[in-house]
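Taken in order, these protein sequences are the chains called G and S. Quick note: the first sequence uses numbering that gives the first Met the number 0, first residue 0, plus one each step. Quick note: the second sequence uses numbering that gives the first Met the number 0, first residue 0, plus one each step.
Among the hints, a few may not be true.
Since copy identity is lost for identical chains, a pair holds within one copy or between any two.
Dumping the calculated DSSO-like pairs for lysine-lysine here, alpha-carbon to alpha-carbon at most 27 Å [stated by the list, open to error]: (1) Lys11 x Lys79; (2) Lys221 x Lys98; (3) Lys181 x Lys50; (4) Lys434 x Lys285; (5) Lys221 x Lys50; (6) Lys11 x Lys162.
In case anyone wonders, no lab produced these hints; they're calculated from the structure.
Protein chains: 2
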Amino acid sequence: MNKSPDAQRMEKIVSLCKRRGFIFQSSEIYGGLSGCWDYGPLGVELKRNVKNYWWRVMVHERDDIVGMDGAILTHPEVLKASGHVEGFSDPMVDCRTCKARLRADQVIEKKGIQQCPNCSGRDLTQPRPFNLMFQTQMGAAADESSIAYLRPETAQSIFVQFKNILEVSRKKLPFGIAQIGKAFRNEINPRNFTFRSREFEQMELEYFCRPEEGMELLEYWKEERLKFYENIGISRDRLHVKTVPDEERAFYSRGTYDIEYDFPFGRQELEGVAYRTDYDLSQHQKASGKSLEYFDEETKQRLVPHVVEPSAGVDRTVLALICGAYSEDEAPDEKGKMETRIVLRFHPRMAPIKCAVFPLLKNKEPLVAKAKEIVDLLRPHMHVFYDESGAIGRRYRRQDEIGTSFGVTVDFETLGEKDAALRDTVTLRERDSMKQERVPVKDLPGILVSRIS
Amino acid sequence: MNKSPDAQRMEKIVSLCKRRGFIFQSSEIYGGLSGCWDYGPLGVELKRNVKNYWWRVMVHERDDIVGMDGAILTHPEVLKASGHVEGFSDPMVDCRTCKARLRADQVIEKKGIQQCPNCSGRDLTQPRPFNLMFQTQMGAAADESSIAYLRPETAQSIFVQFKNILEVSRKKLPFGIAQIGKAFRNEINPRNFTFRSREFEQMELEYFCRPEEGMELLEYWKEERLKFYENIGISRDRLHVKTVPDEERAFYSRGTYDIEYDFPFGRQELEGVAYRTDYDLSQHQKASGKSLEYFDEETKQRLVPHVVEPSAGVDRTVLALICGAYSEDEAPDEKGKMETRIVLRFHPRMAPIKCAVFPLLKNKEPLVAKAKEIVDLLRPHMHVFYDESGAIGRRYRRQDEIGTSFGVTVDFETLGEKDAALRDTVTLRERDSMKQERVPVKDLPGILVSRIS
Chain G
0 MNKSPDAQRM EKIVSLCKRR GFIFQSSEIY GGLSGCWDYG PLGVELKRNV KNYWWRVMVH
60 ERDDIVGMDG AILTHPEVLK ASGHVEGFSD PMVDCRTCKA RLRADQVIEK KGIQQCPNCS
120 GRDLTQPRPF NLMFQTQMGA AADESSIAYL RPETAQSIFV QFKNILEVSR KKLPFGIAQI
180 GKAFRNEINP RNFTFRSREF EQMELEYFCR PEEGMELLEY WKEERLKFYE NIGISRDRLH
240 VKTVPDEERA FYSRGTYDIE YDFPFGRQEL EGVAYRTDYD LSQHQKASGK SLEYFDEETK
300 QRLVPHVVEP SAGVDRTVLA LICGAYSEDE APDEKGKMET RIVLRFHPRM APIKCAVFPL
360 LKNKEPLVAK AKEIVDLLRP HMHVFYDESG AIGRRYRRQD EIGTSFGVTV DFETLGEKDA
420 ALRDTVTLRE RDSMKQERVP VKDLPGILVS RIS
Chain S
0 MNKSPDAQRM EKIVSLCKRR GFIFQSSEIY GGLSGCWDYG PLGVELKRNV KNYWWRVMVH
60 ERDDIVGMDG AILTHPEVLK ASGHVEGFSD PMVDCRTCKA RLRADQVIEK KGIQQCPNCS
120 GRDLTQPRPF NLMFQTQMGA AADESSIAYL RPETAQSIFV QFKNILEVSR KKLPFGIAQI
180 GKAFRNEINP RNFTFRSREF EQMELEYFCR PEEGMELLEY WKEERLKFYE NIGISRDRLH
240 VKTVPDEERA FYSRGTYDIE YDFPFGRQEL EGVAYRTDYD LSQHQKASGK SLEYFDEETK
300 QRLVPHVVEP SAGVDRTVLA LICGAYSEDE APDEKGKMET RIVLRFHPRM APIKCAVFPL
360 LKNKEPLVAK AKEIVDLLRP HMHVFYDESG AIGRRYRRQD EIGTSFGVTV DFETLGEKDA
420 ALRDTVTLRE RDSMKQERVP VKDLPGILVS RIS
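With these hints in hand, go ahead and build the complete structure from the sequences.
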């Protein structure tokens, strides 16, 4: 069977990610660990760019939001109060014939009869809940040791520190607490590359407000978050807002939007923006016996704030960036013959490497020295890469394939050997248009900084 | 009993960390989770500054080092090969009288007789090894589910991805792979605030080289790392280099330095710089059956590289910064009476907030508007904080206590109401000296950026 163009495209993306060092299978030399991924040299830079930009616009550029960074290991009482110990589970079915354990929705239903998708057997158990949290034992003494969970979402660390942070930050409602960090879910069926994995990173904001502000803030944050994705170069027409219908929403939520993206494997959730009411704080207040109320100085009343939560996935955003950036076009090779060019069209803000610097020839010492000087000139302002090996066309192509925004070439004109007027100028090439311009070396930092920030 | 000045100092530091939002006990409202900590609004900024500066000097400013970011969940074969499953343990003793489980070195020895420190009982078991790794179960199907570990160090993710990264980065020896990330150890006795905790963050570099370069690179990295600590404001005379003696070194190491710091609770390890030879790569090559060799194009020979590892703790560095920065001096209060001032004397590079902006009075709209304009002016360049509440002296004091490097005050002179020549100038106050200078608003970004970077 022929693969669909989308499936082919996804295969090319996965292959590029490994070939150029964006994403590797975790523990690969030991056969891999299902649902876990390692980010390589370029992947880690892309991920850093996403996280740093999120922190910049969500925390540093605002007066009403502060950050925090909570532990991954979590007290079981936290997750009992939040409902995760009881309810964070998928229904599972066992096939008594082939012993397979299946998610209930994987069971085949034919004319009212349920069948195992593995062996077509019809002897299946009733569905039973399977908790998706990873648990571990903490402490040394057998009688003292206790269960701890790996947090299934970063949000709960924010709720349990709400009172401490309210006190130290002296914020007034509405205000938010933001966090970036790892979370873990023992997914039964990790799939779609890094999209559904067992270890992942979240960027979550809990924005606390008065009850009457909740619905309006839900709209506000949906719009803000859409702007965020556009500002990192995700095309608006691949983004979709789904209003989560009543029956799919968590029972405590008064409104939830999913921001979805058209991945090659289908339209999938990138971020949820949920109005969670006062559910979490009330639960923790009840379970801990500690007041999580806010004192309103104007009305002189105490209230448990409501909360709107924009919750984004770092890995999903990175994957959306790569999928959106991947493209193939035509460019001339060394001899002028047209060939397919693979380009990652990242927004310069997100590109793992902002600028590559090339001496035209590696065996001409003055070219090499000048190129290294330019690297030193640019380095304080951006992530740069120096490359001297291979024909210049090939070096451009290698950078196109990893999405480097700009290329600077030092040639004999730079040395002033051909034309004194061109001394200390270089060729600046833009990745997508492949247009080249001649610019003075001293202007490079200014020109590039304005284009990448 | 009176507490020692060092113990008193440490108590004040822990109290300040909670009071001002640097560090909170994790899951505090549920009684806390031993050995786990949450970073509050200021702690997370301080931690980000440490990590970003490490990444800048270790990865971005060098041609010979690339980054990566590996998963925390780790395949058991990785940790079998590295020796952690077998050997990463502390010897434990059980007291048969009071049932306490003790680290073997906690047992009291009196005249050749061993006693339980709890109940003074003498009926103790022989020491048995207790593995310090956290383990969990991964996967849904009971028959398929398998053990995974939380990595006890980030280093192993680097070794198992060595070949992939060598291929994609096209680096020649010597070169390094750097990583920042969480690691976990089930410490029997977490202590000294965040110093010895069960969940912590590491900044590790594995610097691969030819065998004959190992000893020289060990010296090189020890010096580089000392410079790093000095560059973030840690005083050189509180840093000590300990040459780890043969009998304390891991058997595969040919040389290890501990970089130690004088904490209030004693001289303790901040970072280890270890020459690990080819132990790790050889172990993984043997266990996985995959070649982890490097092909030397000059000599046309294959070799398993040796490695030098500078391994730093993020949390320990943050704690050293806070302990080193904490100081008390005298400053006049509102009425000119001298009072004790608490100051965190952070290097401006590390300060969580670089500059606070104050309107002299909060009920004068033009002052407030101008101050907010200045916030907008500075924000693209640094983390700034706006504060309008309370007397100006109190606002200074609040910022001193959290280590904000500079304060900018907008007063009636700024508005040009008293002297046209002073229009659009502000008071710039430096935290440590408390010196104030009058500077034009338009010069503020330039002046401040040069002092904080």
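Going through the hints against the structure:
{"no.": "1", "hint": "Lys11 x Lys79", "result": "neither (43 Å within a copy, 34 Å between copies)"}
{"no.": "2", "hint": "Lys221 x Lys98", "result": "neither (45 Å within a copy, 56 Å between copies)"}
{"no.": "3", "hint": "Lys181 x Lys50", "result": "both (12 Å within a copy, 16 Å between copies)"}
{"no.": "4", "hint": "Lys434 x Lys285", "result": "neither (63 Å within a copy, 50 Å between copies)"}
{"no.": "5", "hint": "Lys221 x Lys50", "result": "within (19 Å within a copy, 31 Å between copies)"}
{"no.": "6", "hint": "Lys11 x Lys162", "result": "between (48 Å within a copy, 21 Å between copies)"}
Violated hints, in rising order: 1, 2 and 4; the structure is consistent with all others.
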